[in-house]
Every structure is written in C-alpha cells, then in structure tokens.
Amino acid sequence: MGGFSVAFASAVHGGLDRILGQSGAEAVLLHMKMTNDLPDPAEFHRKLLTLFGAQGTLSLERAIVKDLAIRLSWSLSLLKIEDSFDFSETMRAIEKGAKA
Amino acid sequence: MTTRKYQAQKPPAQLDSQTLTAGSGAEDLIETRIASVLGLKQFMQGPIRTLLIKGLAGTGKTTVALEILKAAGKGKGAYVSSRVPKELLETHIPAMKETLHNQEFLDIRLEDASSVLDLVMKLTEPKKYVTIVFDSWDALAKELDPRERLRAEKTLMALAHNSGAQLVFVSEEPTATTIDYLVDGILELVMVEEQDRTVREFIIHKLRGTKIPQRKYIYTLLEGKFTFFGPYTIPDYAKMSKITQRPDIGGSYSFGSGALDRLFGGMIPGSTLSIEYDENVPYSALRAIEYPPIINFLSRGRSAILLPLPGANDEMISSILTKAVGKGVVNDRLRTINILRTSDLKTASLPKNATPQEIHEIVTNETAALRKKSADKSVLLVKSVSALENLFASDLDSLLEVTSQEIITLQQSHDAHILFLPKDSPIRSRILSMSSSYAKLFVRDGTVLMFGVRPHTGIYALQHLEDPISPSLTQLV
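From first to last, the protein sequence lines stand for chains B and Z.
Take 1 as the starting number for the first sequence in the working numbering and just add one per residue.
Take 1 as the starting number for the second sequence in the working numbering and just add one per residue.
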C-alpha cells in the first residue's frame with residue numbers, strides 16, 4: 001500500500017474511534033468485513049448510511065476526513081466539510097492531491 | 001427459537017437477509033409497546049427508542065424487560081444476556097418461559113464489547129427485531145474505561161435511532177451513569193418498606209417527549225408477571241351486576257366477597273373487625289368492604305344495621321342495596337341509622353343532642369327487632385366510628401364506653417361487628433385493643449392498599465375489577 005492508502009486506512013480507524021470508541025470502531029469494521037481490506041469510499045459510505053443514517057454518517061465521515069487531513073498535513077479549510085459533503089469525492093480529491 | 005452462543009464472525013442464521021422481513025411498521029410503534037406493558041398508554045405521546053430499566057437485584061427488572069420483549073410480538077424481540085444462560089433464566093422466571101422461547105436469545109457472557117456492538121448492528125440492520133433487551137448492560141460496560149463506555153453507548157443510541165429498533169438496557173447500577181443521559185426513558189424499580197411489608201414501586205425518571213402526570217406507581221410480580229396499578233378509580237355503580245350469595249365458611253360468616261373471605265377467612269360470630277383507614281382513602285374503597293357483608297347477610301335471610309360513613313349519600317346507599325337484594329328485603333331487614341341526620345333521631349324519639357348512651361339504646365333496640373326477622377337470629381352491625389366521633393367530639397369517653405359495651409355484648413351473641421375507624425381517631429388504640437381482627441387501608445401512589453394486622457396478612461391492592469360493589473384484591477409480591 002502506498003502513503004495515501006496507509007493514511008486512509010489509519011484515518012478510518014482513527015475517525016471512527018474518535019466518535020464510536022475503540023470497540024465501536026472495531027465493531028463497525030468487523031460488521032462491514034473491512035478489518036483487513038482498505039474500504040472503498042463509496043461502499044463504505046453506503047454501509048455507514050445503513051447503520052447510522054444520514055446525520056450519523058456525516059459525523060463519522062467528517063471525523064475520518066479530519067483525521068486524514070491531519071495525517072497528510074492538509075488544511076481542513078481546503079476540504080469544505082462543514083456542511084454535507086460527498087465522502088467519495090473528497091477522498092478522491094485528497095488522494096489526487098497526495099499523489100501530486 | 002433456540003439459545004445461541006453469539007459468534008462474532010458469523011451472522012446468526014435468523015439474520016440471513018433472505019429470511020428477514022421488512023420493518024415493523026406503524027402498528028409496532030415503540031411508545032405503544034412500552035405503554036401497553038406499563039399501562040401508560042395515555043401518557044406516551046413521544047417515541048422512546050432507548051429505555052433504561054434500573055434497580056437493585058430482586059426488584060423485577062428482568063421480568064419488566066421480558067414483558068416489553070413479549071409486547072414486541074413473536075419473533076420480533078431479541079434478549080441479549082450477559083448474566084445467565086437461557087435455561088437458568090427460564091428457571092428463575094417460569095412465567096416468561098414462553099416469551100423466551102418465542103424470541104431470540106443471545107448468550108454473550110464471554111463476548112467483548114466490540115463483538116456485542118457488532119451483534120447489535122446485525123440485529124438492528126435487517127429491521128427484523130423491534131425490541132432488543134440487554135440484560136445487563138452493566139456487565140459489559142464495567143469492562144470499559146469511562147470514555148470508551150460513553151462512546152460505545154453513543155454508538156448504541158445511534159444504531160437504535162437509525163434502525164427504529166428499541167433498545168432496552170437493564171442495569172443494576174443505582175447511581176446515574178453515562179447511559180442515564182443518553183437514553184430516552186428511565187424506569188427505576190425499587191422495593192420500599194410500608195407498614196412492615198414490602199411494596200414494589202416503579203419510578204419514571206424520564207420519558208422524552210411524554211407528559212408524566214404521575215411518576216411513581218405500585219406494581220406486583222405476582223405469578224412472575226409484571227402488573228402495575230394505576231391510581232384508584234371510583235367504580236361505576238350503574239354497572240353493578242347481580243350479587244351472588246356466598247355461603248358461610250365453616251362456622252364463620254362470609255364477607256360476601258371472595259377476596260375478603262380469602263384474606264380474613266370470614267367473620268367469626270361474636271367478633272369485631274376494625275378497618276382503620278387513612279384520611280385519603282376514598283369512601284368508595286371503604287364501601288367495597290362495607291357493602292358486601294351487608295348484602296350477603298341480607299341475601300341469606302339475616303338482618304343488618306348500618307351507621308354509614310360521614311358524607312354517605314342516603315339515596316345512593318338505598319339504591320345500591322335495593323339493587324342488590326330488593327326493596328322488600330332492605331325495608332324489612334336493614335336499618336340504616338344516619339346519626340348525623342336529625343330526622344333519624346326524631347324517628348327514634350331522641351332529642352337533637354342525643355348522648356352516646358341514647359344512640360346505643362337505639363342500636364340495641366333495632367338489633368333486638370331485627371334479630372326476630374333474621375333467619376338464624378344473627379345481625380350484622382356495620383358502624384362508622386368517625387360519624388360517632390363527629391357527633392360526640394366533646395364526650396369521647398362516653399362513646400368509648402358505649403362502644404366497648406357493644407363489643408362485649410356482641411361477643412356474647414352470634415352477631416358480627418365491623419367498625420370503620422379513621423387512622424387519627426382519638427379512641428383508635430382503645431377500639432383496636434377490643435377488636436378481634438384488624439385491617440388497615442391506606443393510599444400510596446394513588447393506589448389503595450390493604451392488609452390485615454390481626455390476622456397478619458400480606459399487602460394487597462384494592463381495585464374494582466369485576467364488580468363495583470366488591471373489592472378485587474391483588475397481592476403485592
């Protein structure tokens with residue numbers, strides 16, 4: 001896995017952990033069968049929606065993005081995640097930026 | 001359904017997506033289900049997704065939780081046990097065996113928090129289970145540090161609110177914990193000492209979005225089932241049914257009520273039963289003890305004398321008793337002496353300022369007259385001490401003297417004597433010392449409670465479930 005992939009996987013754990021706690025984060029990833037594989041952002045988003053609904057998913061995804069931004073030393077102001085946002089789109093943008 | 005040990009990696013067979021049905025629908029509104037169990041339907045306007053049932057060991061938390069689970073409907077509830085296996089639980093609460101068979105039972109005694117949260121996701125995601133009970137949540141939560149516990153609880157709340165499932169947490173932690181602030185509703189079950197007897201009480205600490213006009217209710221676990229008692233309601237005497245005559249019990253007179261007979265074993269001829277009551281006991285509750293013996297005495301061809309409670313409505317007394325035994329019987333073998341009504345005193349050729357002795361003479365004369373008309377020469381005397389106290393407030397010693405004379409006279413006869421005695425009566429202790437049996441009525445949380453002091457009995461909730469005249473007594477256990 002490359003730098004972004006490692007950072008993304010860690011951010012998913014970190015973001016979920018921050019909101020749901022360690023056991024909650026583990027449970028979500030276990031439930032999504034994503035304990036080993038890197039989650040596909042779109043699939044991940046869909047599964048979160050099923051479990052936590054729109055508002056819960058937004059909070060969790062925002063926490064993941066914040067965690068990722070810190071790991072990659074990005075400024076959060078560039079990501080526009082204050083209101084609702086497209087998680088997959090944002091991930092793609094961060095990945096693209098990280099590779100650039 | 002069968003007991004399963006939860007396996008974190010493998011979804012339970014019952015949760016296979018192809019076998020699952022859709023969401024529970026409007027008919028399964030959570031507030032309706034809780035309400036039906038707690039009998040609080042009229043108070044439950046808000047949706048209660050998460051409920052905490054707390055209380056010390058032995059208060060009946062599991063029974064209440066299982067009642068809520070039962071109300072979810074067959075196959076729509078899951079019981080997650082961190083304390084005991086299913087077989088043991090069935091032994092502890094046999095009345096709930098069927099409920100346990102009808103619902104999913106998940107044994108998580110050896111599971112960690114993340115596995116349990118994963119389990120909840122599996123249970124809530126397919127929307128098959130409308131109620132999931134955690135018994136107990138503490139057992140798991142205590143393994144987590146405070147921050148981790150809070151986050152795990154928030155995860156559970158989010159899962160519940162998104163899925164529409166209701167999560168019921170059972171807790172033995174008496175103090176407020178993090179989950180107290182997160183759940184929509186909190187019920188606490190407590191056992192309190194009342195008159196040397198144990199009374200169970202549930203307290204509604206919160207029900208979000210719901211008016212709570214009364215926070216405390218009495219309940220019983222009789223026959224292993226949760227039964228709660230709403231505030232006492234005055235019976236509708238228009239719904240009075242035909243009275244069934246009750247035979248004597250061995251050598252004792254029946255009270256005319258199965259419930260009272262079971263409690264006291266009947267009235268021994270020559271005995272005096274004193275009914276002590278708190279000032280907030282409704283008169284209609286007292287009438288449930290006052291009327292059945294009179295009606296039964298009259299219907300068995302015997303005679304009765306009634307000195308009614310203060311404020312008693314003469315027309316209503318007459319109407320109820322006439323409806324029960326017929327006008328002829330009432331006119332012939334019942335004498336109602338309203339001592340606060342001057343016309344009665346005039347009829348008996350007594351001055352307005354009659355003395356206790358003069359009243360006693362009326363009663364003695366009436367007893368003698370009615371004895372002749374009684375099938376077996378026995379007479380029942382039902383008397384309100386309060387009414388007499390009101391009349392002879394300045395001469396209570398004479399009243400006591402006359403009352404003791406009556407009790408002694410009655411002991412030598414085959415008559416029966418029931419005295420209604422207010423708790424704050426100045427002659428209470430003297431009357432009670434002369435009474436062969438003694439029962440108390442009082443009100444707690446709006447429920448009228450009754451127990452025998454002599455003979456010693458358990459404590460009972462008094463209602464009018466079958467007939468407005470007769471009391472229904474449900475034991476508090």
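Where hints are given, some of them may not hold.
[To be verified] Here are the simulated EDC-like cross-link-like pairs (lysine to aspartate or glutamate), alpha carbons at most 20 Å apart as the crow flies: (1) Z:K76 - Z:D112; (2) Z:K206 - Z:E173; (3) Z:K154 - B:E43; (4) Z:K142 - B:D17; (5) B:K33 - Z:D112; (6) B:K33 - Z:E111.
If you're looking for bench data, these hints aren't it; they were derived computationally from the structure.
Right, here's what the structure says about each hint:
1. Z:K76 - Z:D112: Judged against 20 Å, a Cα distance of about 25 Å means the pair is violated.
2. Z:K206 - Z:E173: Since the Cα atoms of K206 (chain Z) and E173 (chain Z) sit roughly 17 Å apart, the hinted pair holds (cutoff 20 Å).
3. Z:K154 - B:E43: violated, 23 Å
4. Z:K142 - B:D17: Status holds; Cα separation ~19 Å.
5. B:K33 - Z:D112: At roughly 18 Å apart (the allowed maximum being 20 Å), D112 (chain Z) and K33 (chain B) satisfy the hint.
6. B:K33 - Z:E111: Roughly 18 Å separates the two Cα atoms, so the pair holds.
Consistency with the previously given hints fails for numbers 1, 3, ordered from lowest to highest.
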